[in-house]
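Chains as they are written, first to last, in our numbering: chain F, 1 to 400; chain G, 401 to 481.
Some hints could be false.
Calculated pairs, DSS-like style, for lysine-lysine (alpha carbon to alpha carbon, straight line, at most 27 angstroms) [said to hold, decoys possible]: (1) G:466 - F:110; (2) F:332 - F:257; (3) F:57 - G:436; (4) F:329 - F:382; (5) F:257 - F:359; (6) G:457 - F:40; (7) F:40 - G:404; (8) F:110 - G:404; (9) F:190 - F:351; (10) G:436 - G:460; (11) F:110 - G:460; (12) F:351 - F:191; (13) G:406 - G:465; (14) F:110 - G:436; (15) G:406 - F:25; (16) F:382 - F:359; (17) F:40 - G:436.
By construction, these hints were calculated from the structure, which means they are not laboratory data.
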Amino acid sequence: MEHLEFRVSVMGELLIAAHHLYNWKLEPDFEYIYGHCPEKEFFYNLFQLSSSSRTIKEHFQHSEMPIICADRVGIGWIAQFHEGAYYLLGPFFTMDASETYIRNICYEAKFPSSLVTSFLVHLSLLPVIHIQNAMDYAVMLYRCLYGITPRKNDVEISFEEGVSAEAESWSSGTWHGTFQAERKMVEAIKKGDLEAFNEIARGLSGAQIGKLAGMGDALRQTKNSGIVFATIISRAAMEAGVSSEGAYNLSDYYIQKIEGSRFVSDTQHIVEEMTYAFFQRIRHVTANLSCSRAVRIAAEYIETHLREKISLDEIAKEAGYASYYLSGKFQKEMGESINSYIRRRKIELAKELMWEGRKTAVDIAEELCFSSPSYFAATFRKYTGMSPTEFIDKKENAGS
Amino acid sequence: MRLKEKANIVAFLQDARAARGDVWFQTDEGDQLNLKSVLSQYVFISAAGNEGESALKNGKIVCEKKQDYQFLQEYLESAES
Numbered sequence: 001m002e003h004l005e006f007r008v009s010v011m012g013e014l015l016i017a018a019h020h021l022y023n024w025k026l027e028p029d030f031e032y033i034y035g036h037c038p039e040k041e042f043f044y045n046l047f048q049l050s051s052s053s054r055t056i057k058e059h060f061q062h063s064e065m066p067i068i069c070a071d072r073v074g075i076g077w078i079a080q081f082h083e084g085a086y087y088l089l090g091p092f093f094t095m096d097a098s099e100t101y102i103r104n105i106c107y108e109a110k111f112p113s114s115l116v117t118s119f120l121v122h123l124s125l126l127p128v129i130h131i132q133n134a135m136d137y138a139v140m141l142y143r144c145l146y147g148i149t150p151r152k153n154d155v156e157i158s159f160e161e162g163v164s165a166e167a168e169s170w171s172s173g174t175w176h177g178t179f180q181a182e183r184k185m186v187e188a189i190k191k192g193d194l195e196a197f198n199e200i201a202r203g204l205s206g207a208q209i210g211k212l213a214g215m216g217d218a219l220r221q222t223k224n225s226g227i228v229f230a231t232i233i234s235r236a237a238m239e240a241g242v243s244s245e246g247a248y249n250l251s252d253y254y255i256q257k258i259e260g261s262r263f264v265s266d267t268q269h270i271v272e273e274m275t276y277a278f279f280q281r282i283r284h285v286t287a288n289l290s291c292s293r294a295v296r297i298a299a300e301y302i303e304t305h306l307r308e309k310i311s312l313d314e315i316a317k318e319a320g321y322a323s324y325y326l327s328g329k330f331q332k333e334m335g336e337s338i339n340s341y342i343r344r345r346k347i348e349l350a351k352e353l354m355w356e357g358r359k360t361a362v363d364i365a366e367e368l369c370f371s372s373p374s375y376f377a378a379t380f381r382k383y384t385g386m387s388p389t390e391f392i393d394k395k396e397n398a399g400s
Numbered sequence: 401m402r403l404k405e406k407a408n409i410v411a412f413l414q415d416a417r418a419a420r421g422d423v424w425f426q427t428d429e430g431d432q433l434n435l436k437s438v439l440s441q442y443v444f445i446s447a448a449g450n451e452g453e454s455a456l457k458n459g460k461i462v463c464e465k466k467q468d469y470q471f472l473q474e475y476l477e478s479a480e481s
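Produce the entire structure from the sequences given, and follow the hints as far as they go.
As structure tokens, then:
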């Protein structure tokens, strides 16, 4: 038990230092054991009064998995039950709530200003924790207590329906990050600078690009953010030189995947995958800048249609040259034949898809329009030196 | 009626939710908080603060329905006090 409390204590200190995310331990009837939180009496009372306390109690009557819940004014908690006690992280503002939002509601409701001032001073102590980060912390808390890492999909999310959201100016100071930060992100995308992009995106992680759904629907919110981001990144890719057809095809492909996802964590993975795919496209375009226009068009056409059967005639038609002329030009400038380039790029995409671990080699062969699984395997071996099975085994050994 | 000095604020507010009618906190200046609202309750417990500094001393509890005074009597000072 001492070892457990030590781990909890260390985790708690780190979360307070990094995010002002406070931690608590309560008895099964929510009697206070300890809380590392400023104004702890106020926040402890707030927890007891909020719907979150009831939600948490009901949840752990039938589940052992962590839960993230928020009440109707958007104050959230992360909870885990372990060996007869509740361990809580919070409180924090969820993405749809903010100090400004609650202040506006209080003023609209004509609350006595002397009372509201004190309340807002308390709220100013709370961090804003995006749902994706809250899920990470829920996983961390479970791991800390049980020594096993749960799947993000197993984290329960329960947000109560919100108070009226009619007030327009209810955005938090972190909303939409800043316009300038988003512009910098677009510039990083255009340059194909993934590192710069990730740094800016981390700074924007407390914000949200395009809030379109109301409180209480974290999955829809995450999907909407992903779809808006798909639009932004595809536009930036076109400005970087990716063909409009290529950019639209890629964004359509990922938007469909986003819409089909059933969990917040799956949506996040798809958005990460989409980001990586666009950056790869932009890098290919910029890497070929020294080539002639015909060859650049041919390479871009191939990238856009990697998931289809590609013929030399189609490529030549797109580039506006005769097939034999384009073949020779491509070979000279790129150092390999068009067909070899097509096969190599398909295999590189196959490796990425296999690394994700969501599809079998047979599925990937079909998705990339190889004539048969055996032809796919032979081509794979030719370009990588190993079979698809050996590649998957190598990947699994690397992860273990 | 005013709240008792050492009243359990959380228990009071939980019972106020179950009252038949609305329960208001009315400041001496005439402002009101409807204690059936979650946000009002949060504002109320914030105002409770430390004993010596509690803003609740400058207000009283007003029940829409008279029977609720009896329902909440354990938290309220008697009318004579």
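Evaluation of the provided hints:
Taking the CA atoms of residue 466 (chain G) and residue 110 (chain F), the gap is near 25 angstroms; set against the 27 angstroms cutoff, the hint holds. Proximity of residue 332 (chain F) to residue 257 (chain F) is assessed by CA-CA distance (about 38 angstroms); at most 27 angstroms being required, the pair is judged violated. The hinted pair formed by residue 57 (chain F) and residue 436 (chain G) meets the criterion: a straight-line CA distance of about 22 angstroms does not exceed 27 angstroms. Between residue 329 (chain F) and residue 382 (chain F) the CA atoms are separated by roughly 24 angstroms; this keeps the pair inside 27 angstroms, and the hint holds.
A threshold of 27 angstroms between alpha carbons decides the hint, and for residue 257 (chain F) with residue 359 (chain F) the separation of about 14 angstroms falls inside it, so the pair holds. Distance check on the hinted pair: residue 457 (chain G) and residue 40 (chain F) sit about 22 angstroms apart at the alpha-carbon level, within 27 angstroms; holds. Our distance criterion of 27 angstroms between C-alpha atoms is met by residue 40 (chain F) and residue 404 (chain G), whose separation comes to about 22 angstroms. For the proposed pair residue 110 (chain F) and residue 404 (chain G), the alpha carbon gap of about 26 angstroms is at most 27 angstroms, so the pair holds.
At most 27 angstroms may separate the alpha-carbon atoms for a hinted pair to count; residue 190 (chain F) and residue 351 (chain F) meet this at roughly 25 angstroms. Note on residue 436 (chain G) and residue 460 (chain G): the hinted pairing holds, with a Cα-Cα distance of about 15 angstroms set against a maximum of 27 angstroms. For the given pair, residue 110 (chain F) sits about 18 angstroms from residue 460 (chain G) by alpha-carbon distance, which is consistent with the 27 angstroms threshold. Between residue 351 (chain F) and residue 191 (chain F), the direct Cα distance comes to roughly 25 angstroms. Compliance with the 27 angstroms bound is thereby established for this hinted pair.
In summary, the hint linking residue 406 (chain G) to residue 465 (chain G) is supported, as the alpha carbons are separated by about 24 angstroms, within the 27 angstroms threshold. The suggested pairing of residue 110 (chain F) with residue 436 (chain G) holds, with an alpha-carbon distance near 15 angstroms, which does not exceed 27 angstroms. Taking the CA atoms of residue 406 (chain G) and residue 25 (chain F), the gap is near 25 angstroms; set against the 27 angstroms cutoff, the hint holds. With a C-alpha separation of about 21 angstroms, the suggested pairing of residue 382 (chain F) with residue 359 (chain F) holds against the 27 angstroms cut-off.
Annotation: proposed proximity of residue 40 (chain F) to residue 436 (chain G) holds, straight-line Cα distance about 23 angstroms (limit 27 angstroms).
Hint compliance for this structure: hint 2 is the single one not met.
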